[in-house]
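Peer 1: Sequence:
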Amino acid sequence: MIILVRHGERADICEIEKKKIINPHDPHLTPKGCEQAQQAGKQILQEIEMYRQITIQSSPFLRCIMTAKNIAHQIKKEEISLITEICETLYPHFFSSNPLPELLINNNPTLNELSGITLIDQQQQKDDIYPETLENVTNRILTYVQYMLEKIEDDQCVILVTHQRPLKIILELFNQKTDDVGYCKVISLRKGESTQLDQSKLTVY
0 MIILVRHGER
10 ADICEIEKKK
20 IINPHDPHLT
30 PKGCEQAQQA
40 GKQILQEIEM
50 YRQITIQSSP
60 FLRCIMTAKN
70 IAHQIKKEEI
80 SLITEICETL
90 YPHFFSSNPL
100 PELLINNNPT
110 LNELSGITLI
120 DQQQQKDDIY
130 PETLENVTNR
140 ILTYVQYMLE
150 KIEDDQCVIL
160 VTHQRPLKII
170 LELFNQKTDD
180 VGYCKVISLR
190 KGESTQLDQS
200 KLTVY
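Numbering (numbering that gives the first Met the number 0), first residue to last: 0 to 204.
For the record, the hints were derived by calculation from the structure and aren't laboratory data. One or more of the hints may lead you astray.
Claimed, not checked - Using 16 Å as the maximum straight-line C-alpha spacing, the simulated EDC-like pairs for lysine to aspartate or glutamate come out as follows:
1. 76 / 48
2. 75 / 46
3. 200 / 153
4. 75 / 48
5. 31 / 14
6. 167 / 134
7. 190 / 152
8. 31 / 16
9. 190 / 154
10. 167 / 197
11. 190 / 149
12. 167 / 179
13. 200 / 46
14. 184 / 34
15. 200 / 149
16. 200 / 171
17. 184 / 46
Since this is a predicted model, take the numbers as computed values, not measurements.
Work the whole structure out from these sequences, hints included.
Peer 2: This is the structure in structure tokens:
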């Protein structure tokens with residue numbers, strides 16, 4: 000099974016937390032966002048009890064790593080892999096230059112927000128993704144989720160902590176509504192009769 004989770008509430012929408020942001024392109028979670036992630040972790044825990052091997056992968060943006068950390072604590076996991084393929088949409092009107100090399104995790108991996116968890120850096124193509132179009136990011140997400148669906152065994156679960164757009168892309172593939180992809184939204188994909196992504200079984204929580 001593959002579980003996709005959007006990150007929790009980001010600091011740049013909160014006046015108090017906004018003052019604490021180090022990198023404006025890489026805001027942390029608010030305390031409410033951390034609570035949202037903890038609740039998502041409790042929900043996920045109920046869904047993964049039957050799975051033998053559970054791994055967590057996160058976008059390298061700080062808000063996703065912090066969300067993944069809170070989920071990891073709820074499901075008693077200690078490692079998170081950082082995966083560029085599920086990162087934020089890198090539109091040029093969002094970012095005037097490639098934000099990936101300047102992310103906090105790539106410049107200060109000893110941040111207090113990241114203590115208590117082991118991060119495995121598996122970032123790829125940091126210099127090659129930016130800039131993206133909607134078609135680019137759609138292909139990136141669908142290709143990666145398809146790859147994971149083919150790779151995992153029936154008793155494995157991979158949790159992907161990502162951003163709003165990847166969840167919308169998956170929901171659009173299944174002709175589902177995309178106007179309710181709020182903070183820490185959770186969806187899952189289980190293999191169907193084939194390993195084709197569009198033949199998998201989608202659950203929206």
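Peer 1: Okay, which hints does this one fail, numbers in order?
Peer 2: Violated hints: none; all satisfied.
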